[in-house]
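A.B. asks: Residue numbers (our numbering), protein chains in the order written: chain A, -7 to 230; chain B, 60 to 308.
FYI, nobody ran anything at the bench for these hints, they're computed from the structure. All values reported here derive from a predicted model rather than from experimental measurement. We put the CB at the ideal spot given by N, CA and C, even for glycine. A couple of the hints might just be wrong.
Listed below are the simulated SDA-like cross-link pairs for lysine to any residue, each with C-alpha atoms no more than 25 angstroms apart in a straight line [what the hints assert, rightly or not]:
1) Lys219(A) - Pro200(B)
2) Lys243(B) - Gly173(B)
3) Lys202(A) - Gln107(A)
4) Lys147(A) - Arg120(A)
5) Lys170(B) - Arg213(A)
6) Lys219(A) - Pro263(B)
7) Lys147(A) - Tyr0(A)
8) Lys219(A) - Glu65(B)
9) Lys221(A) - Pro263(B)
10) Lys170(B) - Lys147(A)
11) Lys170(B) - Gly21(A)
12) Lys170(B) - Thr207(A)
13) Lys170(B) - Arg173(A)
14) Lys202(A) - Lys243(B)
15) Lys147(A) - Gln165(A)
16) Lys170(B) - Glu181(B)
17) Lys170(B) - Val103(A)
18) Lys170(B) - Arg120(A)
19) Lys52(A) - Ser2(A)
20) Lys170(B) - Gln165(A)
21) Lys170(B) - Gly101(A)
22) Lys243(B) - Asn182(B)
23) Lys243(B) - Pro200(B)
24) Lys136(B) - His157(B)
25) Lys170(B) - Gly212(A)
26) Lys170(B) - Ala6(A)
27) Lys202(A) - Ile126(A)
28) Lys170(B) - Arg132(A)
29) Lys52(A) - Leu135(A)
30) Lys170(B) - Ile126(A)
31) Lys219(A) - Gln202(B)
32) Lys202(A) - Pro263(B)
33) Lys219(A) - Ala193(B)
Just the calculated beta-carbon pair ranges, DEER-fashion [said to hold, decoys possible]:
34) Val40(A) - Arg140(B): 37 to 43 angstroms
35) Gly252(B) - Arg118(A): 56 to 62 angstroms
36) Gly251(B) - Leu12(A): 55 to 61 angstroms
37) Leu42(A) - Ser175(B): 54 to 60 angstroms
38) Val134(B) - Arg201(A): 46 to 52 angstroms
39) Leu50(A) - Ser116(B): 41 to 47 angstroms
40) Gly212(A) - Glu247(B): 30 to 36 angstroms
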Amino acid sequence: MNVPWDRYQSDLLAALLKTLEYTILGFLGAVLLGLLLALMRRSTTRVVRLPAAVYTELFKNVPLLAIIFITYFGLGSTGVRLSALAAGSLSLVIFYAAYLSEIFRSALGGVPAGQQEGAQALGMSRLRAFGQVILPQALRLALPGTSTMLVDLLKSTSLLVTIAAGELMSQAQLISSETFRAMEVYLVIAAIYFAVCYPLSQLLLLLERKVQAGTPLAPGRRRRMAKAKALLQAGAGA
Amino acid sequence: MTTLIEVRSLSKSFGAATVLHSVDVDVRAGEILTILGQSGGGKSTLLRCINLLEVPSGGDVTIGGEPVVADGRVVVKDLARLRQRVGMVFQRFNLFPHLTAIENVILAQTKAAGISEDEAIENAVRLIRRVGLAHRALAFPDQMSGGEQQRVAIARALALHPMALLFDEPTSALDPESTREVLKVMRELAEGGMTMVIVTHEVPFARQISDQVVFVDAGYIVEQGPPEMVIGAPREARTRSFLSASGAA
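When you get a sec, could you build the whole thing from the sequences and use the hints?
C.D. replies: So this is what it looks like as structure tokens:
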């Protein structure tokens, strides 16, 4: 008997959405925490720098699966019961923030010191200089590494099968145990991961290329450039 | 003419090293003051103490009648406004590489000076034309020659309507052709009455353009006066040896 895939269609769709939900929650959280950690590590104050360094070294050197078990089963055994969604997302955030903080730290360090001075000399506040001058350049430097991490994170959501998180791999396990067609089921699931991850990687590469080429992507920037262009051309004929 | 920039007994130390010893300088409105001297002699530090990229260790700085540093303490209330009134052009341009030339000129207008976007764009287009770069306005800094980048940097500083401009070795990183382009723009600014303080190694240019020349060595002002005196007929041995080493005496 073949696997009755049409019967599992809606379950698979729900599982795929769950996978994407974990990916988005995990990634957003990891980016925010990673950025915070990177900024802390660039601080001149030791008491700010040190905890961030300890955090990064700690979670870079512990397997994600161990973090998932600790947040779900470990905390559960001490009475702090997190849902699979909370424990799963939290684990992804904790783990990937450590890696992203390293990427962000090196990207921030890659922006030349003269940029800060250039912005300051124009009367920008520290915050403005960071937001308008330093961060946009750092993000460009961080983009390739960050893209890789996003795709990696999406694939790592499959580890959440161990806490029955309802994502793709959990669904695969369920179908497999109902149909006893492990090879077919897991091949299909692998193909679904590929069908999501490959276009995502390509899209991120395209984004990288556009950003590298300086293509204005933000609507405000496009408007500004169009207006400047129009004014320049108007004057060229005069 | 009124005194725009007044520096009194200014000193600056980095740790144990004193790089400026009780320096006095006056720059009147519309005047061009050039600072000459060996590398490492304190020229750039003096310039950077005026817009507080360096915080002086002692002395007073007054700009447009407003105390900025008093007795070695920063007293200026609105540092951002000070820096918009006294623009700066750097040796390495420090353009923002993620933005086009025209956006470099727009950014601080809208994000620091509170100028409306439409006005800022018009302003930027006018200034990019003024430095002769209308055809390069949509290029990114890394697509431009050093001379073009420096002219964009000048337009960027001018966009905030400064009452004075500080130039920190604006042509030291440039080839001769680019140097000529930049010096031409600076001459035009001078003719337009802009107050400028220029740290440079271009002695012939300094002699032509300056109203006042200051020769700085080892953190002291060795000689100060009109260019025909300081460059044409230097009294001090140190000035003479510097000028002959520059091939200008």
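A.B. asks: Does each hint fit the structure? Answer for all of them.
C.D. replies: Comparing the hints with the structure gives:
no., hint, result
1, Lys219(A) - Pro200(B), "20 angstroms, holds"
2, Lys243(B) - Gly173(B), "31 angstroms, violated"
3, Lys202(A) - Gln107(A), "23 angstroms, holds"
4, Lys147(A) - Arg120(A), "36 angstroms, violated"
5, Lys170(B) - Arg213(A), "14 angstroms, holds"
6, Lys219(A) - Pro263(B), "42 angstroms, violated"
7, Lys147(A) - Tyr0(A), "21 angstroms, holds"
8, Lys219(A) - Glu65(B), "41 angstroms, violated"
9, Lys221(A) - Pro263(B), "39 angstroms, violated"
10, Lys170(B) - Lys147(A), "40 angstroms, violated"
11, Lys170(B) - Gly21(A), "28 angstroms, violated"
12, Lys170(B) - Thr207(A), "21 angstroms, holds"
13, Lys170(B) - Arg173(A), "61 angstroms, violated"
14, Lys202(A) - Lys243(B), "36 angstroms, violated"
15, Lys147(A) - Gln165(A), "16 angstroms, holds"
16, Lys170(B) - Glu181(B), "16 angstroms, holds"
17, Lys170(B) - Val103(A), "20 angstroms, holds"
18, Lys170(B) - Arg120(A), "7 angstroms, holds"
19, Lys52(A) - Ser2(A), "37 angstroms, violated"
20, Lys170(B) - Gln165(A), "54 angstroms, violated"
21, Lys170(B) - Gly101(A), "23 angstroms, holds"
22, Lys243(B) - Asn182(B), "21 angstroms, holds"
23, Lys243(B) - Pro200(B), "20 angstroms, holds"
24, Lys136(B) - His157(B), "32 angstroms, violated"
25, Lys170(B) - Gly212(A), "13 angstroms, holds"
26, Lys170(B) - Ala6(A), "45 angstroms, violated"
27, Lys202(A) - Ile126(A), "19 angstroms, holds"
28, Lys170(B) - Arg132(A), "21 angstroms, holds"
29, Lys52(A) - Leu135(A), "20 angstroms, holds"
30, Lys170(B) - Ile126(A), "14 angstroms, holds"
31, Lys219(A) - Gln202(B), "22 angstroms, holds"
32, Lys202(A) - Pro263(B), "46 angstroms, violated"
33, Lys219(A) - Ala193(B), "14 angstroms, holds"
34, Val40(A) - Arg140(B): 37 to 43 angstroms, "30 angstroms, violated"
35, Gly252(B) - Arg118(A): 56 to 62 angstroms, "33 angstroms, violated"
36, Gly251(B) - Leu12(A): 55 to 61 angstroms, "60 angstroms, holds"
37, Leu42(A) - Ser175(B): 54 to 60 angstroms, "45 angstroms, violated"
38, Val134(B) - Arg201(A): 46 to 52 angstroms, "50 angstroms, holds"
39, Leu50(A) - Ser116(B): 41 to 47 angstroms, "43 angstroms, holds"
40, Gly212(A) - Glu247(B): 30 to 36 angstroms, "33 angstroms, holds"
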